[in-house]
Amino acid sequence: MPSRSVIIILSTFCLALLLTVLPLPEWARAYRPQWVSLVLIYWCIALPHRVGVGAGFSIGIVLDALTSTLFGQHALGMSLTAFLAGQLHARIRVFPLWQQALVILIFLLAEHLLTLWVVMATSQTSPNPHYWSIPIIGAILWPWVFMTLRNVRRKFNVA
Amino acid sequence: MKAIKPIFTQAPSQFAQLILALLVSLALIVVDYRYQHLQQARATLAFIVYPLHFLADLPVRTSLQFQQWSASRTQLMDENQQLHRVNLKLKAELQKYVALQAENIRLRNLLDSSLKVGDRVLIAELSAVDLDPYRQQIIINKGSASGAFTGQPVLDAAAVMGQVIETTQFSSTVLLITDATHSIPIQILRNGLRTIAVGSGRVNELQLPYLPTDSDILVGDLLVTSGLGGKFPPGYPVARVTHINRAPNNAFAEITAQPAAHLDRSREVLLVWTMHAHTNGLTEETE
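From first to last, the protein sequence lines are chains A and B. Position one of the first sequence corresponds to residue 1 (the working numbering), numbered consecutively onward. Position one of the second sequence corresponds to residue 1001 (the working numbering), numbered consecutively onward.
It is possible that part of the hints are untrue.
Pulled a few chain A residues facing chain B out of the computed Cβ check, cut under 10 angstroms [stated by the list, open to error]:
id, residue
1, Pro-48
2, Phe-71
3, Ile-106
4, Pro-127
Coverage of chain A stretches by chain B, computed from C-beta distances (three or more under 8 angstroms per stretch; other residues unrestricted) [unchecked claim]:
id, segment
5, 25 to 37
6, 72 to 79
7, 92 to 100
8, 111 to 122
Hints listed in this document are in silico derivations from the structure and should not be mistaken for laboratory results. Owing to the predicted nature of the structure, the values given are computational and were not obtained by experimental measurement. A virtual CB, placed ideally from N, CA and C, is assigned to each residue, including glycine.
Sequences are here, hints too, so could you generate the full structure?
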């Protein structure tokens, strides 16, 4: 029987996955933020002993199945993000929110570029010219994601 | 958590995990890209994530249903009348078609060639789910429970849309003809010239990279499936040529075409089963 914490963490991931496939108008599709990565980074910072590289890899595989991409395409970047966030969690925790957002921007950018690299290597598709705006949108959203998930963590006493 | 953590108990294990995860990811990418071994795993996982697809589609579906409920009587009557007219027109065309089909079957019998009896179709509905923006894929609400299978052609009311690449019990993923990894054998309806149309990765563009500069193709030509390759039944419209660039220093013309199907708008699609009558016997005889 999974503990309550695991259920809470999994449901936040489910919500992020849902946001990833929720239909958006055509113009907004290219700007969809990396919801799952944001949630992953939060849990890696907040509970590094629970959520780490393994979780990042697994959720990446689920995301691959969800969006019908090559297996490993998202898992590659997410493992790296989870690792970086886990390594730097003690530092990031004490940063003010805006400074956190800058670090998160770098994580998101690294992950996005890795994913794009796989896309470019496996198909002739040219990347969306606004690809760099996706991590920026993610970083701008970070304070809200952080505060929401922190409230969830405190309310349900996830540890 | 403990106040003081030993530095080296956790770090190396996380690092080892990272290396492992990266290697496994790369291996998965290569295997998934080059071979077919992961189909089963994909089908299993697709079944697990099906509730998420279902939930994501829910708002659009309920709003459509609500629209239908709240449609006024006059609206419905108008629509009914319009459908009536269209139906009448289609019936008139069908009469002609039945005669032509009979004639076609008779002629084919004379030629002793394998003959297409007809296609069985099933209407499926699109799930309003956004997949990876770099691939042209859609999800439909009919799966292996309805008989859908991998490689099955998918049409809309106007033309060929793509083919099923993955099925679960209740849903299938369809690769559209405009995906960069998709190619479809076609021929020009006007003169029967055969070639291959390759997806461009953009939703409204196909490319015909294998036609020589001096080939007989014009802007506005309708491209239909040729039936070669055995995946798509022959004779269905695919696209219309929009642009031809015959550079004299190139061996091949740069030709782009626009898909005739409403790839980004259709809500209802048709799954097609092709039925051949005694194909095997005939092909064996002719060989």
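Comparing the hints with the structure gives:
Because the closest C-beta pair between Pro-48 of chain A and chain B is about 8 angstroms apart, less than 10 angstroms, the hint holds. Here the hint on Phe-71 of chain A is kept, as its CB sits about 4 angstroms from the closest CB of chain B, short of 10 angstroms. With a cut of 10 angstroms, the hint placing Ile-106 of chain A at the interface with chain B is violated, because the nearest CB-to-CB distance is about 17 angstroms. About 8 angstroms separates the beta-carbon of Pro-127 of chain A from the nearest beta-carbon of chain B, less than 10 angstroms, and the hint is met.
Counting residues of the segment 25 to 37 of chain A whose beta-carbon sits less than 8 angstroms from any beta-carbon of chain B gives 4, enough to reach three: the coverage restraint holds. As drawn, the segment 72 to 79 of chain A meets chain B at 5 residues by the rule of a beta-carbon pair under 8 angstroms; at three or more, the given contact holds. With 0 residues having a Cβ less than 8 angstroms from any Cβ of chain B, the segment 92 to 100 of chain A misses the three-residue criterion, and the hint is violated. Beta-carbon proximity to chain B at under 8 angstroms applies to 3 residues in the segment 111 to 122 of chain A; the threshold of 3 is reached and the given coverage holds.
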